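> Here's the letter readout for the chains.
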Amino acid sequence: MTTIAVAETPLTPGLLRLADTALVHSHRLSEWCGHAPMLEEDLALANIALDLLGQARALYTHAAAVEGAGRTEDDLAYRRDAPQFRNVLMAEFPRGDFAFTILRGFLLAAHALPFWQATAGSRDATLAAIAAKAEKEAAYHVRHCGEWVIRLGDGTGESRRRMLEALDTLWPFTGELFEVDDADRAVIADGILPDPAVVRAPWDATIDHVFAEAGLDRPAEGWMQSGGRWGRHTEHLGHLLAVMQHLPRAYPDATW
Amino acid sequence: MVSLSDRDRTLAAARAACARVVDPEIPTLSIADLGVLRDVRLGADGVIEVDITPTYSGCPALRAIALDIEAAIEAAGLGRPRVSLVLTPAWTTDWITPAGREALRRAGIAPPTPGAGRRALFGADELVPCPRCGATDTEKLSEFGSTACKALWRCRACREPFDYFKCH
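Residue numbers (this note's numbering), protein chains in the order written: chain A, 1 to 256; chain B, 1 to 168.
In isolation and in its complexed conformation, chain A is listed as follows (with noise of 0.2 Å):
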């Protein structure tokens, strides 16, 4: 089965970022299902993975609409390898231990909130749609890792060991949530996708307030990890790649 390569219109790598972030970490979230530490965090985290799951396919299929193709939803998800992904590092990274995918979500969804408030005002109506949905889901998102953060980090001296372990591996890739390149500020100057800089605010201030509750403190602003967008991955991408496409690359005809 054949790789496709989508046309780089100036909106599709904004878009799939997007949705290839949603996509990825929902697929992680979903490999707690089973497995989680109580069976109200395995509904938790499947909920959340289902919220993003849709979230991803409405993105999928608005970059389809806009890279004009005919491509659909599933192309984009299941026919396009991992240097094609423009997710960020973040989101593909091993579930980890709970402290871990609670203290990821976290970051993403504290991000995920006033983005898609800003993008609820794009001036493409279809984004603007996806993102009235998504932003009062990623509300619940923040309330819901946000509790567990404050309970892990001020909980246990082994909840406290393993929020600060994960805090340090994930610090350093909270700095992609907010790059730009050229292609972006084109995309920003006519009213699409919101600047980052507006989203800065209140990501601050959301991680402030949770981390002073949790006492954890915020690790200094120094060197961040980049790659993602421009499709330089770690290896785990590939690994989670090679599971979820392997029926459509297996069986290219199947149908749902």
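Since the hints were made in silico from the structure, they are not lab data. Any given hint could turn out to be false.
Unchecked claim - Below, a sample of chain B positions facing chain A; criterion: calculated Cβ distance under 10 Å:
#1 57
#2 88
#3 90
#4 132
Stated by the list, open to error - Here chain A is said to cover these stretches of chain B; the calculated rule only asks that three of the stretch's residues, wherever they fall, bring their Cβ under 8 Å from a Cβ of chain A:
#5 58-70
#6 77-83
Unchecked claim - Not close to chain B: a few residues of chain A, all C-beta gaps over 12 Å, as computed:
#7 4
#8 6
#9 70
#10 84
#11 97
#12 155
#13 158
#14 159
#15 182
#16 184
#17 191
#18 196
#19 253
Note that this is a predicted model, so its numbers are computed, not measured. Yeah, the Cβ is synthetic: ideal placement off N, Cα and C, and Gly gets one too.
Starting from the known structure of chain A, arrange chain B on it as the hints suggest.
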């Protein structure tokens, strides 16, 4: 050429057929009372057009609802409809009708408080009366329940756990 009154009759029959479609996960609730059914029209080519909107982006019931609408319209002898998904304006629990709220309560699911969406999402604790005994001495067990749109609560008065349809 279809006369105006024929079109009206067709449209009324299509609306009635859609009104009978229920949420597959809450079968006591029609999609009209849930606020998921947004519009039923007769297209210029005589095909029935139906707009539905998802409760949550990833709601897995939506595909089943679209199929049920197609089946209901066809069973009414009105042909295959065009069912479209509309995302805007975004669905809110405020669109659940009074009849829908009552249907939820009868099914043992606490309905959302009208207009409480934003407040409940970002701030203070909600006051959720038990759908079985009406007591307000209730507590949240889990933010996420059996489906994307529900949370799990418990009544301290009658000790029954119950689903709460989250404000959205």
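> Work down the list of hints and note, for each, if the structure agrees.
Hints and how they fare:
no.	hint	verdict
1	57	3 Å, holds
2	88	4 Å, holds
3	90	4 Å, holds
4	132	21 Å, violated
5	58-70	holds (count 3)
6	77-83	violated (count 0)
7	4	24 Å, holds
8	6	22 Å, holds
9	70	19 Å, holds
10	84	23 Å, holds
11	97	20 Å, holds
12	155	18 Å, holds
13	158	23 Å, holds
14	159	19 Å, holds
15	182	30 Å, holds
16	184	23 Å, holds
17	191	17 Å, holds
18	196	23 Å, holds
19	253	20 Å, holds
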